[in-house]
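Produce the complete structure using the sequences and hints provided.
First to last, the protein sequences are chains A and B.
When the letters of the first sequence are read in order and numbered with numbering that gives the first Met the number 0, they come out as residues 0 to 230.
When the letters of the second sequence are read in order and numbered with numbering that gives the first Met the number 0, they come out as residues 0 to 377.
Fair warning: there could be bad hints in the mix.
[Unchecked claim] Computed list of lysine to aspartate or glutamate pairs in DMTMM-like fashion (alpha-carbon distance at most 25 Å, straight line):
| id | chain 1 | residue 1 | chain 2 | residue 2 |
| --- | --- | --- | --- | --- |
| 1 | A | 174 | B | 323 |
| 2 | A | 200 | B | 86 |
| 3 | B | 368 | B | 338 |
| 4 | B | 201 | A | 158 |
Everything labelled a hint here was simulated from the structure, so no lab data went into it.
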Amino acid sequence: MKRPIALLSLACLAGGFLLLRMEAQEASHHHALPPGYTQGSGEILLCDGATRVMIPPNQVFDRETAQKYSDELMELWMQKHPEKEWIMAAAAPAPSPAPTPQKPKEPGKEKATQFEIYNDFSDRDQRIWQEEYDKFVAEGNRIFHNAEAFGGTVGISCDMCHPNGANTHAETYPKYQVQIQRVVLLRDMINWCLEHPTKAKPLADDDPRLRAMEAYIMAQRAGKTMAPNKH
Amino acid sequence: MAARHKSVETKYYEMRDKLITSLPRLDRRDFFKVMGATGMAAAIKGLFPPHSFQLLEVANAMPLPAKGDAVEKFTFAYISDSHLYEEKLNDQFIRAIMRGIDDVNRLDPQPDFVLFGGDLAQLGQAAELEIGAQLLKEVKAPIKMMVGEHDWYLDMGAKWKELFGEPNYSFDHKGVHFVVLNSVVEKDFWTARGLTPMERMKTVAGLDNSAQSAFEVGEVQRMWMQQDLAKVDKSTPVIVFSHSPLYKYYRNWNFWTDDADEVQALLRPFEHVTVIHGHTHQVLTNRIDNMHFHGVLSTAWPWPYAPEGLPKYTVQMSRANPFDPQDACGTGQVTVNTDGLCDMVYNLWDRNPMHVRASYLKSMGKKDKPEAPTFSSY
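Set out below in structure tokens:
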């Protein structure tokens, strides 16, 4: 059982959406082999259930080999699906960083406590989180700088008054906003700005654009001391 | 009580005494000037809101001993950074520049000329510049135009030059030599990236867009400036108009001129130099050696103060109230004293004006410090 599992994990790490089938070995006992296949051959099946590549018997899988098969599968798939956006997406950088080894547990402490589980993350985990965070903030950055992206109707974007999120003082919310006559959060003030200076429609609290802009502003104010209710 | 907390009565009597002691020094012509101005001030003060009329110091009848050509005290006004869109997209900035034009047209006495401080248009489009040119025809005093990056980077200044001529020029006025620069020259960042003209324009228009280059005056203009200044006596006051500050304040927002040191070197031999600049949309005050620097207000929107690099002489204007679309915007007047140094009046719309006097910078911040506002910046 170890070999299929190793193959599966390597293939997934290399290409992402791969399913591995090791049917050829068992099938050969009962059925004729497909052309090109020999006893001990395997195959890797793409998640579309149709695209496949044959792997020779006793193939040793390291990262490069797995990447080679992965590329081969994607090439085959793209030949069948020549749409432009997929080609562009394929040209983008790989979605996740390379794995790094887990830190070995100290002897006698193999059983993790709750606190250790909370802290038990690798450099790779952190890089993935960083990348996800950066993407979210970058989307906020894009919307913040583009009136059309948030529905502004008078050509005014947020950065025109708040370059790099300046004068947003995100760290001072929540606070009572005299002009609105209630306690407001940062997102309420973003919506106020959308509605008034930029003449856009306010966004729903869970609108991804509002969430992304909030993330961008908070990111710009990193390092500031939290000061809710500061006027 | 500290001397700066003078009562209204004390101030009035001090002004009155000053006026009376200066009267015997007047000749007939200046006497009538004083009469006229005083009478006008009294008449107008009760009629117009404070921001629309500033009591100007009356021209001194006995000018200081002249060095080079004698400088006659005079005033000019400014309107700046109007960032106009076409009316069908956004008429808010059009209404704002109209308010600015009303401001300067109401000044009495009229300024000798009005400086337009650059960024007439928002995206350099022909229609935006044409609206601006049309509106500025309403200004009663002669206009001196300066270019900003928002006017330039769509067609690299073609339309602006068609409407207003060359962006760098010099002139002499009442004993002061004026130099107007295009300080928003950027190194080519667009060709290699294959940007369209509008993409280039929008990149430069984004204040915090780090994809662009730094502003500079550039070697060609510095050569021109050197030749221009070679003809000017070193004791003649020089006033430079540049869109960006001619020093290094904050690079990320191009509150910065990359070759400021080289430009300053050309100005250092002169006894009195003042640089008036746009772009920063805020009250901004600096002094480097013999050079005084003053930022001007925008009619469109205020910029926040940069997170670092603020010149120590700057007394910040109030943080803008977002609920008032024209707060921290405005226009202003500049009184050029007989030594060629400038007293600035910042006509902050809907607030009290701020005064930044030449004596404040001359005394290295010891005298006449502008009053700090109460609503501080974050």
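These are the hints, each one checked on the structure:
Of the pairs offered as hints, the one joining residue 174 of chain A and residue 323 of chain B holds, with about 19 Å between alpha carbons and a cut-off of 25 Å not exceeded. Distance check on the hinted pair: residue 200 of chain A and residue 86 of chain B sit about 21 Å apart at the alpha-carbon level, within 25 Å; holds. A threshold of 25 Å between alpha carbons decides the hint, and for residue 368 of chain B with residue 338 of chain B the separation of about 20 Å falls inside it, so the pair holds. Distance restraint check for residue 201 of chain B and residue 158 of chain A: the Cα-Cα separation of roughly 12 Å lies within the 25 Å cut-off, and the hinted pair is therefore satisfied.
The structure meets every hint from the earlier list without exception.
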